[in-house]
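J.: The chain contents come next:
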Amino acid sequence: MAIDKATVHGIAKLARIKIDEAEAESLVGELSNILDWVEQLGQVDTEGVRPMTSVVEMRLPLRADAMTDGGKPDDVLRNAPEAAHGFFVVPKVVE
Amino acid sequence: MSDLTRMELSEARDLLTRKSLSAKELTEAHIAAVEAARPLNAFVTETPEKALAMAEASDARRAKGEVGLLDGLPLAIKDLFCTEGVQTTASSHILEGFVPTYEATVTANLWREGAVLLGKTNMDEFAMGSSNMTSHFGGVENPWHRAGSNQKLVPGGSSGGSAAAVAARCALAATGTDTGGSIRQPAAFAGVVGLKPTYGRCSRWGVVAFASSLDQPGPMTRSVRDAALMLRAMASYDPKDSTSVDRGVPDYEAALTGEVKGLRIGVPKEYRVEGMPPEIDRLWQQGMDWLTAAGAELREVSLPHTKYALPTYYIIAPAEASSNLARYDGVRYGLREPGDGTLTDLYESTRAAGFGAEVKRRLLIGTYVLSAGYYDAYYNKARQVRSLIARDFTESFNEVDLLLTPTAPSAAFAMGEKMDDPLAMYLNDVFTVPASLAGLPGISLPAGPSDEGLPLGLQLIGRAFDEETLLRAAGVLETAAGFDSLPSFLAA
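Line by line, the protein sequences give chains A and B. Basically this note's numbering = 1-based index in the first sequence + 1. Basically this note's numbering = 1-based index in the second sequence + 59.
Chain B with its partners taken away, still in its complex shape (with noise of 0.2 Å):
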C-alpha cells in the first residue's frame, strides 16, 4: 500500500482524476498509515470512519462528474481549527472534550473542494511553542533521527503535529496556523513545504483564536505545486472575519513557471546572526548561487530593525493571547473546576487547572504590558516598532520581489532540550517572526540535509498578496535543491 501514500497531493489528484484510482482505496491506504503512526502521536483525534464515508460520497460525485479541486484527498487538520460534530481542543486542557456545532471557513472551504478528513492534529497548547511540547496531550515525536543516533527529536511547533503527519506519509498534505512561524519552522524541522499566506488571505473565523492581528492559517504539503493546489483551496473573502480582504484566488498553480529570469531576491544582512550553525550558512549560500543560476539577480538589502522583531512579537502575541484566552473561563465549553462555590473561584481554579505553563506564562505577559500604567511603556511601544519593521519591508521591496533567508536557526533538536529557558526557546522564530509581524507572505521548503542528516529550511519572503512570485520562485529553489531524502520512521 506504501505507493499510495507516498504520492504528493497533486499526482494522488492526477491519479484520481484518470480514474486509475478510488478516492475510497486512497482513504485506506491513509487511515492505515494514520494507525502505523500512534508511535509519533501526531494525531488528537483520527476520523476514519467520517473519512470512509467522505471517500465514498467523492467517489459517487466522480461518478457524476462533479468533482472539486481536491476531489477525495485525504487531508489532516491542525486541531485549532474548528470542525462541526468533531472533537476540537487546540491541544489544552480546557477544551477537552469541545465538539463544535460549526465549521470553520476554511475547513469548509476545503470540503467543499471534495477534501477528506483524516483527523485533527496535536500541536502546541493554543498554538503557543515551537517544539510541540506543550500540547496536553504530550509532544509530537519528529519521524526524523539525526543519522546513527534514536534519540527522539522535537517536529517544531506549533504545527508539529500536521508537520510530522506530512513527512511521515499519513496525510497527502494538512493545514497549519501560523502566528510567528508556527507553520514554517515545524515545516523546516519535518522536511516538508509550509506556507504562511498574507495576512487576510485566509479566514480566521473558526480557528481557535491565539493572536488574532498575526494567526494566519496555510498549507503543509509535500511539495510547492501542492502548496499552491491546497492554498488555493484554501483561501477566500469571508465576510464573517472583518479582516479578511476581498480580492479573488488566482490559480496558484499556474504561477508555478519555473522561470525566475530577472527576478530580484533580497539578502537581508541582519539576518546573519551572531553564533549561526555553519551549516545554515552554507545552506544559505547555496540558496543564493541556486537563485542566481537560473538567472534571478541578488542584491544585498538591510531591514535595520530586524533585531527587535521577536521582543515585539513577545508583548504583542501575548498581549492578544490575554484577551483572546479570556473566553475560556468554566462557564461556556469545556473544562469546569468549581472551586469554592463562588463564580471568581470557578474561573480562576478552571483556568489554573485548565492552562499549562507555557500558556499560563503567556496570558500574565499579556495581562502585566496591557495592565494600567504598562499599556504605554510595552504594549504601544510594540505597537510602534511594529510599525517601524513592516517599514523596513515595505521599503526592501521597493528594490527587490522577495527575500531570501534561512527558515530556523537550527535542525530539530531532542525532545526536552531547551524546555527549561523560555527565551532560547523564543529564539527559534527569530528568522520567521518578522515576516509575520508585516503581515507578509513566507515559504519554508526543505533545502537540504544537516551535517547530521536531518532536513533544513530556506525561507522565502514575498510582497502582500503575491503568492504566486513566492511559489514561483520556491518551485525553482526545490527543483534545484532536489531534497528527495525520506525520514527514518515512514507510516507506510
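Pulled out of the complex, with its shape left as it was, chain A reads as follows (with noise of 0.2 Å):
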C-alpha cells in the first residue's frame, strides 16, 4: 500500500521520531516500497490459523509473588543522562 507524507508524519509521531521534510520525503518511497513486498502475504490462506505466540512449546514458568532482587538505585541512575535526589530527572510537565 503506497503511503503518503502526512501518514508518515503520523507514523513518526507515534515512534516518537523527529523527522524533517527531506526525510519524511524518502521515506514515502522506501516505507512503501517494504509494504507493498510484504502485501503478498495477503496470497496465503490463514483462515482458521492460529497466529504464533511462542515458538517453544512450554507454559510460561511461575514463581513466588516475592522481591528477588533490588535495593539498587544508584546501579538504576548510574547512567542516567540527569539524575538528582534518587530520580531521574525530566522537563517540566505538569504547570
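These are computed hints drawn from the structure, not numbers from a lab. You may find that some hints are simply not true.
[Said to hold, decoys possible] Listed below are the simulated SDA-like cross-link pairs for lysine to any residue, each with C-alpha atoms no more than 25 Å apart in a straight line:
| no. | chain 1 | residue 1 | chain 2 | residue 2 |
| --- | --- | --- | --- | --- |
| 1 | B | Lys419 | A | Lys73 |
| 2 | B | Lys299 | A | Thr54 |
| 3 | B | Lys477 | B | Lys299 |
| 4 | B | Lys78 | B | Arg65 |
| 5 | A | Lys73 | B | Gly400 |
| 6 | A | Lys14 | B | Gly400 |
[Stated by the list, open to error] Not the full set, but computed from the structure, chain A residues with beta-carbon under 7 Å of chain B:
| no. | residue |
| --- | --- |
| 7 | Ile12 |
| 8 | Leu15 |
| 9 | Ala16 |
| 10 | Val29 |
| 11 | Val45 |
| 12 | Arg51 |
| 13 | Leu63 |
| 14 | Asp76 |
| 15 | Arg79 |
| 16 | Asn80 |
| 17 | Ala81 |
| 18 | Pro82 |
| 19 | Val95 |
Glycine included, every Cβ here is placed at the ideal spot set by N, Cα and C.
Hints are included, so try docking the two chains, each in its own frame, into the full complex.
T.: And the structure:
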C-alpha cells in the first residue's frame, strides 16, 4: 500500500522520532516499497490458523510473588543523563 | 607469535590443559592481534587490561587445579551483550557511553568457565542489517578479498565484527546473536562456523533486545568442534529469561562421532530460488554428494511457505523492535538531546539524533504494522503465516533428520553495494530467516571457495534442541569439505 507524507509524519509521531521534510520525502518511497512487498502475505490462506505467540511449546514458568532483587537505586541511576535525589530528571510536565 | 593465534579454540584448550602454554602468553598474543587488526574496525571497545587480569587469574586457578571448560581462552563478545563495567553500545549512537551495572547471563556463563574478554565487537546498529554497514562506528571490513582485487568487502551482518575477528585470527572464538541470520550469514561471508541454537537454549537476559521472539545468542568459531565447546559453555536454563527452556545442557563435543550413516537429510526444493548464482548451486550439490558418500540418505522435501518467510520476518521483527526500542528515550541511559524543553520534544529529538537510518526505517514500519487499523492486516496476518512456516518444518522433520541448504545467496559483496535498496539487502537472509521464524537450530560452515576465491557457506537446520545431530553432521561436512584457506588479511 502506498503511504503518503502525512501518514509518514503520523507514524513518526507515534514512534516518537522527529523527522524533517527531506527525510519524510525519502521515507514515503522506502516505506511504500517495503509495505507493497509484504502485502504478498495476502495470497496466503490463513483461515482458522492460530497466530504464533511463541516458537517454544512451553508453559510460562511461574514463581512466588516475592522480591528477588532490589535495593540498587545507584545502579539504576548510574547511566542516567540527569539524576537528582535518587530520581531521573525530566523537563517539567505539570504546570 | 602467529602460531598462538592460528589455533582452534579446542587446540588452545588442550595446550593449556597440558600446561605447555599459559593463559597469559596466549592472551598477550591475542591482545597484539586485536591491535594489529584495527584496520578492519572489528572492535568497538578493546579491553586489554581486563583481558590480562582475567588471564592471570586463570593461570592462578590452573595452578590450583580448578579450571572451567574455557579457562584462559581469549574471546571476543558482540557489543550486544551487556558486560558489567564495560561499555555496551549495540553499535548505536543512542547507547554510546552506556556502561552496564550487570552482566548478561551468556557472558556470565563464559566467565564462570574461565574465558577471557578481549573486547566488544562491532555490529550492525541494534543488530539490524546484513552487511555491518549500519554501525554508528563505521562498517567492518571483511579480512577476505576477491582474488587479485583489493576492493573492500563486507563481513556480513549483524555479527560482522565477531565474524571478522575470528576469521582474521584476533580472537579464538566469539559470540554472536542471530535474529534472522545474523550469526550464520556473516559466518558464511567470513569463512567461519556460525551456530544459531534452538530458541530458548541460550539466555537472552542482558542481551540488548531487537526482536524478542527471534533473538538467540550463539557461537562463532573456526571449527565445528569449537562451536560444540562454546555452545556447552554458553547454554543454560535461566529463570531471568521467561523463554529460556529448562533442560540439561549436553556435552556437545561428545556428539561429534564423525558418523552420519543412515541419517536422513532433506533438501528443500523451495530453496532453489530464481537467479541463484551457479556457484551456490554447485556448492549445495557438492554438500549433498559429501553427505551421501558418508552414508547419509538424501530426500527432497517441500516447505511450501518458504517464499513468505522474508515478508513475514519484515513485519514481525520491526514490530517487536518498535516495542523493545521504546526504552531509548533520553531519560534512563545513553544519549539525551534536550530539544525545545518539553518532554515530548526531548524524546523525539533524542531518538532522531540517536538512531541511524536503518533503525528508524524499521521502527517506523514496526509502529505502522502495530497501529490501530493495520494490526490485523499486517501483524496478525504475519503471525498466522509464521505458524504455517513452522508447521512446514515440523512436517518435514517427520521424514528427515536434518535439512541442507546454502547459507546465503552470494559470497561477500563490496562495501557500498546494495546500500541504496533496503529490499535488496533484506534478500541476503532468504535462506536463514525461515529457521529463525520456526525457532530451529541452524549452523553455517565454510564449505568451499567461490569462483573469486571467497568463502561460501552451507547451512544445516535441525530439530528443536537437537544441536547434537546438527553438530555431528556439520563435523562430517567440515571434514569432507576440508576448507582450510586463510583470508588475505591476518592479524598475526
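J.: Determine for every hint whether it applies to the structure shown.
T.: Results for each hint:
1. For the hint linking lysine 419(B) to lysine 73(A), the alpha-carbon distance of about 33 Å lies beyond 25 Å, and the restraint is violated.
2. In summary, the hint linking lysine 299(B) to threonine 54(A) is supported, as the alpha carbons are separated by about 19 Å, within the 25 Å threshold.
3. Under the criterion of a C-alpha separation no larger than 25 Å, the hint pairing lysine 477(B) with lysine 299(B) is inconsistent with the structure, at around 39 Å.
4. Simply put, lysine 78(B) and arginine 65(B) have alpha-carbon atoms about 18 Å apart, close enough for the 25 Å limit, and the pair holds.
5. A distance of roughly 29 Å separates the Cα atoms of lysine 73(A) and glycine 400(B); the hinted pair therefore is violated under the 25 Å criterion.
6. This hinted pair checks out: lysine 14(A) and glycine 400(B) have alpha carbons roughly 17 Å apart, not beyond 25 Å.
7. With a least beta-carbon distance of about 5 Å to chain B, the hint placing isoleucine 12(A) at the interface is held under the 7 Å criterion.
8. Restraint check, leucine 15(A) versus chain B: the minimum CB separation of about 5 Å is within 7 Å; hint holds.
9. For alanine 16(A), the interface hint holds, the least distance from its beta-carbon to any beta-carbon of chain B being 4 Å, beneath 7 Å.
10. For valine 29(A), the interface hint is violated, the least distance from its beta-carbon to any beta-carbon of chain B being 11 Å, above 7 Å.
11. Restraint check, valine 45(A) versus chain B: the minimum CB separation of about 5 Å is within 7 Å; hint holds.
12. The interface hint given for arginine 51(A) holds, since its Cβ lies 6 Å from the closest Cβ of chain B, which is under the 7 Å cut-off.
13. Interface hint at leucine 63(A): violated, since its Cβ lies 10 Å from the closest Cβ of chain B, which is beyond the 7 Å cut-off.
14. For aspartate 76(A), the shortest C-beta to C-beta distance to chain B is roughly 4 Å, which falls under 7 Å, so the interface hint holds.
15. Using the Cβ-Cβ criterion of 7 Å, the hint placing arginine 79(A) at the interface with chain B is satisfied: the shortest such distance is roughly 5 Å.
16. The beta carbon of asparagine 80(A) comes within 4 Å of a beta carbon in chain B, closer than 7 Å, and the hint placing it at the interface holds.
17. Checking alanine 81(A) against chain B: minimum C-beta separation of about 6 Å stays under 7 Å; hint holds.
18. Because the closest C-beta pair between proline 82(A) and chain B is about 4 Å apart, less than 7 Å, the hint holds.
19. A hinted interface residue such as valine 95(A) counts as satisfied when its beta carbon comes closer than 7 Å to some beta carbon of chain B; here the least separation is about 10 Å, so the hint is violated.
When held up to the earlier numbered hints, the structure conflicts with 1, 3, 5, 10, 13 and 19 and fits the remainder.
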